[in-house]
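If you count the sequence shown from 1, position 75 lands on 76 in the numbering used here, and the numbers rise without skipping.
These are calculated hints, taken from the structure and not from any lab test. Just so you know, not all the hints are guaranteed correct.
As the list claims (entries may be wrong) - Derived Cβ-Cβ restraints for the label pairs, each shown as a range:
#1 7 with 76: 20 to 28 Å
#2 7 with 56: 29 to 37 Å
#3 76 with 127: 29 to 37 Å
#4 135 with 8: 49 to 57 Å
#5 104 with 18: 33 to 41 Å
#6 66 with 5: 12 to 20 Å
Every value quoted in this text rests on a predicted model; they were computed, and no experiment measured them. Where is the CB? At the ideal position from N, CA and C, for every residue including glycine.
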Amino acid sequence: MMNAQHIPDNKNVAFRMAQRYGLSGADDIFVAQFNQCIATGDYAGAARAARESPGTLLRNQDTINKFKSLPQPPNGPHPSLIYFSTLLETTKLNEIESLVFIPPVLQQGKGAIVEDWIAKDKLTMSDALGDVIR
Numbered sequence: 002m003m004n005a006q007h008i009p010d011n012k013n014v015a016f017r018m019a020q021r022y023g024l025s026g027a028d029d030i031f032v033a034q035f036n037q038c039i040a041t042g043d044y045a046g047a048a049r050a051a052r053e054s055p056g057t058l059l060r061n062q063d064t065i066n067k068f069k070s071l072p073q074p075p076n077g078p079h080p081s082l083i084y085f086s087t088l089l090e091t092t093k094l095n096e097i098e099s100l101v102f103i104p105p106v107l108q109q110g111k112g113a114i115v116e117d118w119i120a121k122d123k124l125t126m127s128d129a130l131g132d133v134i135r
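Using the sequences and the hints, build the whole thing.
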C-alpha cells in the first residue's frame, strides 16, 4: 500500500490501516508518520502516532527527550506538554512517561490533578513513582 501510487494519500492510508488493525511489521510506518509530524511542527499528530504505535516503539525515553528538546512555539504550550496531554486524552501513561511527567506537575503544586489521574487509572504505578508522589 505504501507504494500504491493510484491510492491518494497512500502513506496516510497505510498508517491508518496499520494503526487500526495492529499490523505486524508496520513499525516503519509509525516511525515515518511520527517523524513527518515532528518535521512539520504537528506535535499533536506526532503524539497521536506515538500513542497508537505498538508497545514502546515510540512511547519511550527517546521520544520524551525529542519532545523536551523541541522549542516552545510562541503563544503555545511546550511540545512535551502536548505529548503528555495527547496521551492522557485516551490512554494511560506507561511507567517511563509517568515517572517523567509527574514530578514537574507536583512541583507546580498540582497534587490534586495527580490524585485524579491515579483514581482514573491514567498512570502506571511503580515503586519509583510512589516514592516521587510521597
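Is 12 to 20 Å a correct range for the gap between the Cβ atoms of residue 66 and residue 5?
About 35 Å separates the Cβ atoms of residue 66 and residue 5, which means 12 to 20 Å is violated.
For the range 33 to 41 Å, tell me whether the beta carbons of residue 104 and residue 18 fit it or not.
holds (38 Å)
Should the hint that residue 7 and residue 76 are 20 to 28 Å apart at their CB atoms be regarded as holding?
violated (42 Å)
For the hint 29 to 37 Å, verify it against the beta carbon of residue 76 and that of residue 127.
holds (36 Å)
Residue 135 paired with residue 8, Cβ distance criterion 49 to 57 Å
holds (53 Å)
Between the beta carbons of residue 7 and residue 56, is the distance compatible with 29 to 37 Å?
holds (32 Å)
Hint check: violations occur at hints 1 and 6; the rest are consistent with the structure.
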